[in-house]
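Asker: Protein chains in written order, with my numbering: chain A, 1 to 138; chain B, 1001 to 1138; chain C, 2001 to 2138.
If you're looking for bench data, these hints aren't it; they were derived computationally from the structure.
The beta carbon of each residue, even a glycine, is placed where N, CA and C say it ideally should be.
One thing to keep in mind: the hints can contain errors.
Anything over 12 Å on all C-beta distances counts as not near chain B; from chain A, calculated [to be verified]:
1. R5
2. E7
3. T9
4. S14
5. V19
6. A27
7. P72
8. K79
9. L82
10. G125
Derived DEER-like restraints, expressed as beta-carbon distance ranges [claimed, not checked]:
11. C/Q2061 with B/T1009: 42 to 52 Å
12. A/R130 with B/P1057: 35 to 45 Å
13. B/G1113 with C/Q2061: 26 to 36 Å
14. B/E1031 with C/K2064: 39 to 49 Å
15. C/N2020 with B/G1058: 29 to 39 Å
16. C/K2002 with A/R130: 20 to 30 Å
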Amino acid sequence: MKTHRKELTLHVKSRRGFVNITPDVQAAITESGIREGLCLVNPMHITASVFINDDEPGLHQDYKAWLEQLAPHEPRRYKHNLTGEDNGDAHHKRQIMGREVVVAVTEGRLDFGPWEQIFYGEFDGRRKKRVLVKVIGD
Amino acid sequence: MKTHRKELTLHVKSRRGFVNITPDVQAAITESGIREGLCLVNPMHITASVFINDDEPGLHQDYKAWLEQLAPHEPRRYKHNLTGEDNGDAHHKRQIMGREVVVAVTEGRLDFGPWEQIFYGEFDGRRKKRVLVKVIGD
Amino acid sequence: MKTHRKELTLHVKSRRGFVNITPDVQAAITESGIREGLCLVNPMHITASVFINDDEPGLHQDYKAWLEQLAPHEPRRYKHNLTGEDNGDAHHKRQIMGREVVVAVTEGRLDFGPWEQIFYGEFDGRRKKRVLVKVIGD
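Isolated chain A (complex conformation) (with noise of 0.2 Å):
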């Protein structure tokens, strides 16, 4: 058995935003030599999330306007903003849009319908963030 770990840096320059990593993570794959198994792809901060869907953009802008409407930025919405931070908001979506995905290597690609990308969704950006992959397999 192989295992193999990367990690991506992103910097989403505004607060929200959300970025396809899918040719990344296939990358990763591609350097591990792991022909079949699985790849574990999550964001090492709590404030974003990793999650398959469409790359199209009224979708991700809908997406926006909805993680809005379930849990507003409001800064004073949130207890958790009683420890000096503005981000309650970004932990609540984060739990919406998930965590992190688990995909199926077959032949030492993502195996993948044909719609399916991974992204990155910030929450609380004009950072550096980390994401990490970890691809098991042989």
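Dock chains B and C against chain A, hints included.
Answerer: Then chains B and C, alone, in the frame of chain A:
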């Protein structure tokens, strides 16, 4: 280390529906010959979910009503639908219910509590869709 | 390839509560002798979650209030409760917070960013429940 890959095909005749795929996932594990490991189950589509919960029809009705509240079908609500689609809501519902499950395989069986069952959750049906099962272990 | 299986037992005395199980998961990894691989952590029950976020009491209060908004306890709201249960809300709250986490194991440790902590999220407590930890790797 061994791996096994299987595709299930589902065809939900209505727009939305939940299908218990636990026996199909167990069959894939049995075919694999893997006794100890992990099993990933995910739709290869982005308007569907795989999730684990109770096989109870009242709960499934509750989920459908609740998802309709959180992300109503109303086609004009979503910028995504400006692409000509009418399934913007389905991309949102799938994020609430999640994309995939990862389950433990122990002594060749799904390592489950008494009520855990695996469901395919369709939010934009009336056509064939694929679910990927990938098992890794020994 | 090695695998290791461990069950944790939790007993949250109130209906809802969050318990930091990070040290228990690390202990299971250490026991396994696995240095590189993946670790799955999931409740064996369908009214509970395992999730990763901050160990900050204000945030946990925020989560509880928010989940109560998104899926209120109100027993009459849920068809599921016609079965004699009063935990319909718990099945919904668990979907928001997710069922399981998969985490990377690197050099025998949880491969985490500085703030990541693993929580058991109970939504229908006052009885013993089990959490499964399954580690695979080398």
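Asker: All hints, please: hold or fail.
Answerer: Hint by hint, here is what the structure shows:
1. Against chain B, the non-interface label of A/R5 holds: every CB pair exceeds 12 Å, the least being about 17 Å.
2. Under the 12 Å C-beta cut-off, the non-interface status given to A/E7 relative to chain B holds; the minimum distance is some 22 Å.
3. Every Cβ of chain B is farther than 12 Å from the Cβ of A/T9; the closest lies at roughly 24 Å, confirming the non-interface assignment.
4. No beta-carbon of chain B is positioned within 12 Å of the beta-carbon of A/S14; the least distance is around 18 Å.
5. Every beta carbon of chain B lies more than 12 Å from that of A/V19, the smallest distance being close to 17 Å; the non-interface claim holds.
6. Under the 12 Å C-beta cut-off, the non-interface status given to A/A27 relative to chain B holds; the minimum distance is some 21 Å.
7. Every Cβ of chain B is farther than 12 Å from the Cβ of A/P72; the closest lies at roughly 15 Å, confirming the non-interface assignment.
8. No beta-carbon of chain B is positioned within 12 Å of the beta-carbon of A/K79; the least distance is around 23 Å.
9. With a minimum CB-CB distance of about 28 Å to chain B, A/L82 clears the 12 Å threshold, and the non-interface call stands.
10. For A/G125, the non-interface assignment is confirmed: its Cβ lies about 20 Å from the closest Cβ of chain B, beyond the 12 Å cut-off.
11. For the pair C/Q2061 and B/T1009, the beta carbons lie near 45 Å from each other, so the given range of 42 to 52 Å is met.
12. For the pair A/R130 and B/P1057, the beta carbons lie near 44 Å from each other, so the given range of 35 to 45 Å is met.
13. With their beta carbons about 28 Å apart, B/G1113 and C/Q2061 fall inside the hinted range of 26 to 36 Å.
14. Taking the beta carbon of each, B/E1031 and C/K2064 are about 43 Å apart, inside 39 to 49 Å as hinted.
15. Checked against the hint of 29 to 39 Å, the pair C/N2020 and B/G1058 passes, with Cβ atoms roughly 34 Å apart.
16. In this structure the supplied range 20 to 30 Å holds for C/K2002 paired with A/R130, their Cβ-Cβ distance being about 28 Å.
Checked against the numbered hints given earlier, the structure satisfies every one of them.
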